[in-house]
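2 protein chains.
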Amino acid sequence: MIAEIISIGEELLIGQTVNTNAAWLSRNLNTVGITVRQIVVIADNHDDILNTINQAIQRADLVLTTGGLGPTRDDITKKALCELFDSKLVENQTVMLDNQHFFEKRGFELTELNKLQALVPDKAQIIRNPYGTAPGLWFEHNNTILISMPGVPFEMQHMMTDGILPALKNRVKEYHIIHRTVLTQGIGESFLAEKISGWEDQLPEFITLAYLPSPGIVKLRLSGKGPDKEIIEKTIETQVEQLHTIIPEYIWGYDDQVMEELIGKMLAERSATVCTAESCTGGYISHKLTSVPGSSAYYKGSVIAYSNQAKQQLLSVDPEILQTYGAVSQEVVEVMARNSLKLFDADYSMAVSGIAGPSGGTDTKPVGTVWIAVANNQKIVSKVYSFGDTRERNIIRAGIAAMGMLKELIE
Amino acid sequence: MIAEIISIGEELLIGQTVNTNAAWLSRNLNTVGITVRQIVVIADNHDDILNTINQAIQRADLVLTTGGLGPTRDDITKKALCELFDSKLVENQTVMLDNQHFFEKRGFELTELNKLQALVPDKAQIIRNPYGTAPGLWFEHNNTILISMPGVPFEMQHMMTDGILPALKNRVKEYHIIHRTVLTQGIGESFLAEKISGWEDQLPEFITLAYLPSPGIVKLRLSGKGPDKEIIEKTIETQVEQLHTIIPEYIWGYDDQVMEELIGKMLAERSATVCTAESCTGGYISHKLTSVPGSSAYYKGSVIAYSNQAKQQLLSVDPEILQTYGAVSQEVVEVMARNSLKLFDADYSMAVSGIAGPSGGTDTKPVGTVWIAVANNQKIVSKVYSFGDTRERNIIRAGIAAMGMLKELIE
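Respectively, the protein sequence lines represent chains A and B.
In case it helps, numbering that gives the first Met the number 0 puts the first sequence at residues 0 to 410.
In case it helps, numbering that gives the first Met the number 0 puts the second sequence at residues 0 to 410.
Chain A on its own, in the form it takes in the complex (with noise of 0.2 Å):
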């Protein structure tokens, strides 16, 4: 099955957004055997919309459209949408009742804006809404699929798992999409493409294979095409088991896997508990564990000491060994580490103090010198890192860090 996006709205198109919604549907779509073949974006213009679906629906087999489905005027979706199939604006009585109950909730009355949301053209079909008043649209017209969703990613994401994706795996024909992405942390990009080259070489035609470098972690994306399921998978499977014993000390995991994810599991799994005493990353540590549903069973809290003062009262860090070795270093992080151990009564900690820049560097510790220790309460790994100027890079490739060390700890 062969899918168009239409991606409607302004916003795109004078850069201000970023199109994030096209790529995370493709990225679905893929997963239930569908290929994009083209993504378009267009303003809330009523003839833009009108020609691009136009187009579109002659082309390919599903149409997906994003955008132009809310309550405030500038959203022309629907009307368009009503000339292009023939049809008319009636009120959905479940639309309705679902939009009063989404305000009663929250403890609203419905207003007469969002009572228009429940007028939905009377050849498509409705897709419930959970997250917000505009239902999604799905018409059938000459074998071709078109469904409009609002552009919010949150609704927009929800409508596609839970509804659309799975009507839609049952209608495509024989035929499958199946990538696997294997996590790698510890190693730059063109190091670990030196390190994997010849494995890369003998990879079969059908399979091919992408590097995604992001600050602190490579992902190698492994895709493979074709009817026989079974195949792809097993050759997959089996490159993926080769790779493992070339590089073992830098894989951590696979697919959409988060570190902070891996790093619960692994504590639920030994009902252990962990804390953080961050000064660098101010937070950020903590914030990225407590992301994850369930966290409290395993996460104590943090102390973020950003001054010395705060390192001093709250994590009893002696002033002389600040005044001797300075905020980043091997002593002051392996105090911190130790510290807090102690004052959470965690089984773990991490503690982090560096240089994120852009300001504060010195000679002998530039701008992206960080220390780390991790800590229980048999032992104390600690180890510094030198990462770049950026500021917003250097806290989340200290996070990484952070973690990664970690897992090596418990394990």
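Just to be clear, a hint being listed does not mean it is correct.
If chains are identical, the list can't say which one is meant, so a pair holds when it fits in one copy or spans any two.
Here are the simulated PhoX-like pairs of lysine-lysine, each with C-alpha atoms no more than 20 Å apart in a straight line [claimed, not checked]:
| hint | residue 1 | residue 2 |
| --- | --- | --- |
| 1 | K264 | K341 |
| 2 | K114 | K218 |
| 3 | K406 | K114 |
| 4 | K114 | K194 |
| 5 | K104 | K382 |
| 6 | K364 | K104 |
| 7 | K224 | K77 |
Source of the hints: derived by calculation from the structure; they are not laboratory data.
For this one, chain A is given, so just place chain B on it according to the hints.
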């Protein structure tokens, strides 16, 4: 001048890469008065490239393509461009020397593959690429300009900024595109739309309004286009002033401002300091505050007290209060705010305790219930919120709400 952007590359169609190039280009074309009407994403496929470019040059004054110029696949885009413009490939000495120099500087010899980069269509002007080996190509055909650039963001951006944008600016007739975004917080999209509908109705025709909702924040974007820069600017300014008289309590900033920067600026101006005591936000507010360069000047630190034990031990919350009112209560959050203020010797504090979900909700305190307190040495303000069902969004919305409350207290 009307432009279309064509992004070439399969990584964009499988969702492996988000199309940040198109957003960057749109934003920068706007600054020289060029409107982007359409963005199309296609694969490295000869027919798709040929057809898409062919259609675009018939509609637009300017067509920009990115991608498909790398050393391994350059014959696809370059060949398609030769066909389209009845051109043939010839060796370009400037490119050959640039690339020799490029490799020498890095201690390598020019590879055979990279020598091919010096072959360019004879009807194109080349745009030199100081950061890579693929030159840009500039064609002119029946009053339409076509510019083909590599897809590596850094290389493309330098070509644009250094040569292409200034050249385009000279070609654009006196025409201006001006955007102004008003940032609101504390009111949902549809309620906001009702409140300002009278103002919206009286907007002059050459000014358009767009609503851009995201968790906790609704952005209102006013856009004006026309030949007279002063009139557009003046009109937008007047309209924004009028809007401000209608909803003063909801407006907190403009354009690309983020709330953590605003808070930082307000604190720095007053030489005041801040700390946080976080439970359900788990370090998110602290992370946001410290993501701002120079935040060490006003940010003291945080206690992330996820467990009751940590609330008692680090923030001296009386166990009896925890027992009587529960961790998610006005009483607890006010103690957290007051005691963190003392602990960090800060001028302001924010304290948050709530149920982020997905579990932990009760009948009286469902998921999404969040108590927030902000304090200084004279005053404490606390408020309860009912956010939604989603952990990630609840954390973000609580962070925005806490910063909004702090902003009011500082003012």
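Each hint tested on the structure:
1. K264 <-> K341: neither (23 Å within a copy, 36 Å between copies)
2. K114 <-> K218: neither (46 Å within a copy, 22 Å between copies)
3. K406 <-> K114: Neither: 52 Å inside a chain and 34 Å across chains, both beyond 20 Å.
4. K114 <-> K194: The answer is between: 16 Å across copies meets 20 Å, while 60 Å in one copy does not.
5. K104 <-> K382: Between. Shortest inter-copy distance 19 Å satisfies the 20 Å Cα cut-off; intra-copy 50 Å does not.
6. K364 <-> K104: Between copies only: 13 Å across chains, 54 Å inside a chain, cut-off 20 Å.
7. K224 <-> K77: neither (35 Å within a copy, 26 Å between copies)
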